[in-house]
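Chemist: These are the residues of each chain, in order.
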Amino acid sequence: AQKDELSDGTKLIDKEEFIFAASGEFKPFSYLKDDLSMTGFDIEVGNAVGKELGLKPVQKRMKFKGLIEGIKTGRADAAVASHTINPDRAKHVAFSTPYYYSGPQIFTRPDSDIKTVDDLKGKEVAVAKGSTYADVAGKYTSNLKMYDSDITALKALSIGRHDAVITDFVTGKSSQQEGFKIKGQQLIERSEQAIVVPKDNPELLKRINMALQKLRDDGTLARISQKYFGQDITKKPE
Amino acid sequence: MNSREMIKIENLNKSFGSLHVLKDIDLSVYESEVVCLVGSSGSGKSTLLRCLNFLEKKDGGSIFIRGEEISPDTHNINDVRQTVGMVFQHFNLFPHKTVLENIIEAPIIVKKIPKSEAVDEARELLQKVGLEDKADVYPSKLSGGQKQRVAIARSLAMKPDIMLFDEPTSALDPELVGEVLTTMKELADEGMTMVVVTHEMGFAREVADSIVFMNDGKILEKNCPEEFFDNPKEERTKEFLKTTALK
Amino acid sequence: MNSREMIKIENLNKSFGSLHVLKDIDLSVYESEVVCLVGSSGSGKSTLLRCLNFLEKKDGGSIFIRGEEISPDTHNINDVRQTVGMVFQHFNLFPHKTVLENIIEAPIIVKKIPKSEAVDEARELLQKVGLEDKADVYPSKLSGGQKQRVAIARSLAMKPDIMLFDEPTSALDPELVGEVLTTMKELADEGMTMVVVTHEMGFAREVADSIVFMNDGKILEKNCPEEFFDNPKEERTKEFLKTTALK
Amino acid sequence: MPSFSHFFQTFISSKGLFLDATLLTLKLTIVSILIGIIFGLFFALLKISRIKILEYISNAYVFLVRGTPLIVQIFILYFGFSGIFLIPDFWAAALALAFHNGAYIAEIFRGTIQSVDKGQMEAGRSLGMTRGTAMRRIILPQAFRRALPPLGNQFIIGLKDSSLAAFISMNELFNVATTLGSNHFDEMTYLLIVAIYYLVLVALLTMIVSMLEKKLAISDR
Amino acid sequence: MPSFSHFFQTFISSKGLFLDATLLTLKLTIVSILIGIIFGLFFALLKISRIKILEYISNAYVFLVRGTPLIVQIFILYFGFSGIFLIPDFWAAALALAFHNGAYIAEIFRGTIQSVDKGQMEAGRSLGMTRGTAMRRIILPQAFRRALPPLGNQFIIGLKDSSLAAFISMNELFNVATTLGSNHFDEMTYLLIVAIYYLVLVALLTMIVSMLEKKLAISDR
Ligand SMILES: Nc1ncnc2c1ncn2[C@@H]1O[C@H](COP(=O)(O)OP(=O)(O)OP(=O)(O)O)[C@@H](O)[C@H]1O
Ligand SMILES: Nc1ncnc2c1ncn2[C@@H]1O[C@H](COP(=O)(O)OP(=O)(O)OP(=O)(O)O)[C@@H](O)[C@H]1O
Ligand SMILES: [Mg+2]
Ligand SMILES: [Mg+2]
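Protein chains in written order, with this note's numbering: chain D, 235 to 472; chain E, 716 to 962; chain Y, 716 to 962; chain U, -19 to 201; chain V, -19 to 201.
Chain U residues, not near chain E, derived (Cβ > 10 Å throughout):
1) L4
2) R30
3) K32
4) V45
5) W71
6) E87
7) L128
8) N133
9) M168
10) I188
Calculated pairs, EDC-like style, for lysine to aspartate or glutamate (alpha carbon to alpha carbon, straight line, at most 16 Å):
11) E/K738 with E/D931
12) D/K267 with V/D0
13) D/K415 with V/D166
Note that these hints are calculated values from the structure, not bench results. Beta carbons: idealized from backbone N, C-alpha and C, even for Gly.
Extracted from the complex, chain D is given alone in its bound form:
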């Protein structure tokens, strides 16, 4: 795939634009407004990064599990889509510095006996395809069910299917607020979420990291986080 190349070696699909991808199915990180444009925490971060880069931010929607492939094959310049940094992914794409900190949590129906990861043995756990939660869940049970989005998995859980879902605690919490009959259990581990950039584009990665630092320093990231979560999840927890 042929891209435009800037003077410093940064490659962009269009030299005027920062095209970033997200799934739009991960409320409140990315979801659709009623005009079908995406909004949410990830999107606002993406917009802020784009502006900071001096480019026009352009959002692009792709199924979550196609995002990494999409970045590799050049369907977007970057993904600002709550990707958790992990070594497998790092073999295929480059990660920016983390722009928020979170962690997978076990969700069950309210009447469930499952409380901790030890209770997951042999249980049926649904996760989103291509998410790191699939790996996490795989450590505790071999009975995995794959969905295209976290919300669909939570929906299935809520109507009585499967025993548990492992997903980001923020996502689970907002689904709960929307009336899904689910309950958060153990927080499994901490994770760092970052922007995904193609490996063959180190200049772009460098510039994104600079932009993120700027946004951290001037409080923009914290402000966006407060807006969506009422707390700042962009600071590394102690």
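Given the coordinates of chain D, assemble chains E, Y, U and V with the ligands onto it according to the supplied hints.
Modeler: Chains E, Y, U and V with the ligands only, in chain D's frame:
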């Protein structure tokens, strides 16, 4: 001729939509009588036969079978049909069943006769129509004439009192017509009451006790064969006989 | 009869797989000659005609058109076909084109004649076959006889030197045969060289200059009509004439 | 495009998982076609029942299934059924596919039932059978036989359609392929591998169906 | 199941989005069918070319498309194309669908070309036309005409199949439905709404196709 009335039709009328096909038909058929129904195409012969077997619903008039008036409201038509057998132009054998199975199907399923008994009777009937060696063969392997003889046997297996034939030989190659007519003649000789729609004037003249000539939905003439062929009363009958003679 | 040889066939052979359909055919057709090809079904008449028009590839032998030997290797067969018109039993008019479009199609597309000129000529031809009022009608609206006359006009529009007809009237209702034969007779009277496969013995007798009798892939007899019909030489010819007389 | 040796190695190493998925795909297809046959027969009989209201119901079913994409039907049935009563995942997927196949099978049966010569019903009735008995003993056996080749084709279509069960978390062929693909960040290789599995399955089934057709053609009538 | 008033309100409030999605769905379908017609015609001509190798190519194409699920084809073409050259998403989706439709359309054309009476080619050739000219001027126009009703049906199938473009991020009807559904945590309502959109579209198209069929039947021959 026995004088017991097997079929009596009074003032029968039947229309398909706006097409008036049977017009005020009156006809009696007596026990052991062989009635041949003749007439040109479209005159209503098949329809009359099908009304007798209640495959068509009559619009008006009455049909008496052995003195009893039959109507779908008061009678179980399926039971009545068991006493009136029917043989079709295109045989309508069941292609997924062997010859024997074709014959025993209705006795077992409808009359609830034990299978072994049904088989014995079927073999007798097959012998009667000269096809005892074809019992386990599928209909597709039979000639047209053989098919029709099986169809006759199948009908007889229900022990009907009356047999209706609708052009039983007109789908057959000419050289196969004879074997079917022979079987029918034997049946007539045994005293079966028969109503036969046919274009085989030779058969009609030889076997029929009376000939009914239909034209345009009406019975124009009923007579014994000698009178009918040699001394027709109606002008239309003469014309009809002329055209059939040409064939 | 003019002595210029329009078609000369020497030792023509043709097989379909193992079926030897044309066997050592020799035949000459002279300018303005009308040759009628007759013979029983399967004798190879159509195949011979189709070889003349190169719709079938010959297996052996030579075909000369106006003295020049034609072979697909040395000649553009599409050009040759323009000098040899063909009329088919089933007309094969183009159903998606009007009568006029049917006629002007080939002159415009193949001969590259300007459209206005092609239309003028087509109208003349339509007048000739008596269908000038049908120019803008689709073939589906024509009777069989009209269709065949349009097909003849369509063929003539390419100004062929020779016209081949393969049973041009045998797909027609009897009452429509006459109009086509009349058109063909007029064509013959104008001096067109014609080879006609036909079962119309009346036409053959009246119009043909010579009659060729084919049997089992061979030409058994070629003669003038009087001799052919009244004094056939071959035993097979006599038999053939007997069966056609019966029809 | 993946290199051939990489493709080949992946093919070998993923064999076990894909064979399991093949079994699930076949199980899903077989079950959904069998249930679809029951649905299909039921609605075909409604359709030819001569009772207007039953005809309408049958028409509505066929219209709904033919008028919407399979993926929509799968989602609606999967999440919709569950609102009423919960059945295991496999059965939910199988039922959704069966609901879909059933409409097409209903049309197959309707066609073959109506293709049985009308004289067969008349012959049955003239022997004293009721409509129902004649249908059951005379018409349906013949209609079934004729339905075998189109049912075989529907089976092949159903096999391919079962790939959409991936979206309701069935670990059938397509889901395994995309899951492995996204785990190994190598979608293309796994998609090409799964394509081969489908091609082989479809080719085998096509052969079986055409053998069946030939056999029926020979023994027919 | 959602309550009727909730359903109705949602239906009204989502109208704008769904109408846009309908347009995209139609655009995608029309483009993919048009390109599919080109593919189809090309491969149908290969198939009847009498040149063995071209026939094989055409057979292989049809075999590949018929032997694998559409969703597999869409994924392979979407990601596969991208590895070679980047085309806009819409065109990637349209090409993937066209590739699929093309095989079925090729079979439609092959059928209708072969259904044109052999005498038409002979008549053309006897007038001095080359095979190519006769094919172009005489056979194809007739074959096209006969292909219209089956092409109409393929359009309806293609419309429903376009729902799978949702999985490669086209904002067509199905994608909008699932996205809105997951945003509003209310999948069912939106799925039922989108089903109605499809039903109406399919019903309209079915009417058009059957009108077309009647019109052609009248003016035929
Ligand atoms: N089911 C039907 N619906 C409408 N019209 C019918 C039906 N059956 C028969 N007819 C019409 O009724 C008329 C009488 O038909 P019928 O079959 O009784 O004549 P037929 O005397 O048996 O003639 P044929 O010698 O040709 O069998 C015909 O005009 C026929 O077209
Ligand atoms: N394309 C073909 N392939 C194989 N056999 C053929 C073909 N065309 C004709 N034949 C066979 O060649 C023989 C001669 O056929 P042809 O059509 O030339 O006979 P004909 O004299 O025109 O007969 P008819 O009067 O029936 O038209 C026949 O046995 C026919 O079956
Ligand atoms: Mg009759
Ligand atoms: Mg011929």
